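K.L.:
Top line first, the protein sequences correspond to chains A and F. Note that the first sequence covers residues 1 to 504 in my numbering. Note that the second sequence covers residues 1 to 152 in my numbering.
Source of the hints: derived by calculation from the structure; they are not laboratory data. Here the structure is a predicted model, which is why all the values come from computation and not from measurement. Ideal placement from N, C-alpha and C gives every residue a C-beta, glycine not left out. Don't take each hint at face value.
To be verified - Heads up, incomplete: computed chain A residues facing chain F, CB under 7 Å, no partners named: (1) Leu162; (2) Ile182; (3) Ser183; (4) Arg252; (5) Leu367; (6) Thr369; (7) Ile398.
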Amino acid sequence: MDASNFLNALTPFNMMLALFGVVAGTVIGSIPGLTATMAVAVLVPITFSMEPASALILLGAIYTGAIYGGAYAAILLNTPGTPSAIATTFDGYPMAKRGDGDLAVAIACFASVAGGLVGALGLLFLAPPLSKVALAFGPVEYFWLSIFGLSLIASLSQGNLLKGLVGGAFGLILSTVGIAEISADVRLTFGSQTMIAGFEVVGALIGLYCIPVLINLAAVPDRHLKVESEVGSLRILEAAKVTLKSKFNLIRSSVIGTVVGILPGAGGSVAGLVAYSEAKRTARPEQRFGEGEPDGIIATEASNNATVGGGFIPTLVLGIPGTPPDAVILGALLIQGVRTGPTLFEGGGSIVYTFIYGLIIATVLMLPTGLLIGRYAYKTIITIPKAVLVPTVGFMTIIGTFAIRNSISDVIIMICLGVFGWLISRFGFAASPIVLGLILGPIAEQGFVQSWIIGSATDNLWGMFFGRPISLVIVAFTILSLTYPLIVKRRMQNKKSPTDLKAE
Amino acid sequence: MNEQLHTKNKKDIGSLIVASFFIFVAVMTFYDTTQYSDLDSKVFPRACAIVLLIFSVLTIVWEFTKPSSSEGFGNGYWWRRIVLVVTMLIACVAMPYITFLPAGMIAFAGGLIAAMHDRWSRRTLLLYWGSGLVIIIAFYAIFHYVLHVPLP
């Protein structure tokens, strides 16, 4: 780690790559259906002729840009551009609907940059020790982590916990459709060849979030988003103030994102959900999460961008990809002849540190480019006539879903799920718990079954699930997450009652 | 007042129907798990089916004792909703036979007709249909030639 590596990252070519990567990633990530993994995979071939450090800088920049780009569609269309932005929809879209879409986009940019920087700094200073976290997480910890994510159902149920739990359980069942990962049984296909591959998560997300919005938009003549004043800037100063005011949330969510990013297979969507859950748990009484609370966007966007740096830690130190785009990047590095592993930081230190500095530079560049692209995205969405917006978004959902697995069946399932999501939402069954179940189901099942097998084999089932320190910490946080709002409510009532009594 | 009561009753029935559907899903899931060869495949979906069944039954009981106040289908034109969804589905089903571009145009046309609440003028007709054509061709070019997605 010396100044020469930093100067290497600052060469005009590397700077240009960082800028191009961020812009390309942001644009690709903003299109529903095109994930960060796809953005990185599509642009990998152009890195083969580059120096390894430059190739890494480009791929890292694309990755970080794509994760941020997912926020645009989440805020302005209620459709997560990438799965990492699921929790951004919870407060981003309500903010946009009430006329604060410009503020939400700017807040997302500030939070993404801050989260990205924390993740990259974690990679720079703490990579070798932090990589041990990845090894400390066994199947049971993954199981409890997914249960912790599912505890968010309590807060996403829009006032009806029972219906939220029904939705969550239904989502978990949907996640089991297809071939079982562990024993290869064909489950819940009822003889249909189409269902053997199971539900494609991104397609399901697009359907459950986007199609209901389109159905509602088409049915009434009202405007898509409320616009308070003439469209000028993105309310950048106001956004900076709001973000800085929530600095504790920002740092905590970034740290959560970095740590979750380190865990192989967890990724930005889990990080966003966990950070959102924590932000909601520690919210002040006047904060209304799920109704357009800026802290919700800050938590999600800071954490999902922090997974970029966090995910590179096990990728580079252990050779285990932390997130799906890391797996693609790891493949690109292997093609280049770079051998990842514990010796990389010593033998190939120059490449690694130049890349990390490049990632930091790309993340900083995301601030002006992100705000600029965000401004145009916002302007486009609010000025485009609804008669053109609806078919355009509808068309994008079709082509975006098709592109994931080149399957028309996925598109039809996406539309049907969307209509189903719209129908049940009219009777208080929200889509978000179903999505939570769908995303966390595979992690929960794999962790549960593997822990069950190990516990049974060692004749220590209870000890397996409840005897490991990290598991117990996660269990404690889950219980706290579920009960804390009730405790706060009770405390508030106790505080209130004497004055209320006097007033009476 | 009568209208309000009527609406509320309709809403409750909707919740009951949805919860009953979820009970059906839970039963079907449970039945399906009886056919798996490996215990590892059964445990998780069966546990989820039981949870779904319990909470769906509780939802029905709750709806009878304390009816919730959900929105119902709200305002808006049904034909527009149907046109939007049906044309999207028709486009998908027809895509392998008529190729991607014409199918995309069907989906776009359906969405445009469904979402157009103003009176059509010659200007809007040309502008909206023209922009639709440009959008479809641009996306086709990006996905087909840049991202190499094998569109039908």
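K.L.:
Does each hint fit the structure? Answer for all of them.
P.N.:
Here is how each hint holds up against the structure:
With 7 Å as the threshold, the beta carbon of leucine 162 (chain A) comes within range of chain F, its nearest partner Cβ sitting at about 5 Å, so the hint holds. Against a cut-off of 7 Å between C-beta atoms, the interface hint on isoleucine 182 (chain A) holds, since the closest Cβ of chain F lies about 5 Å away. The closest approach between the C-beta of serine 183 (chain A) and any C-beta of chain F is roughly 4 Å, which is under the 7 Å cut-off, so the hint is satisfied. Checking arginine 252 (chain A) against chain F: minimum C-beta separation of about 31 Å lies over 7 Å; hint violated.
Interface restraint check for leucine 367 (chain A): the shortest CB-CB distance to chain F comes to about 26 Å, outside 7 Å, so the restraint is violated. With its C-beta approaching chain F no nearer than about 20 Å, threonine 369 (chain A) sits outside the 7 Å limit, and its interface hint is violated. The beta carbon of isoleucine 398 (chain A) comes within 6 Å of a beta carbon in chain F, closer than 7 Å, and the hint placing it at the interface holds.
Consistency with the previously given hints fails for numbers 4, 5 and 6, ordered from lowest to highest.
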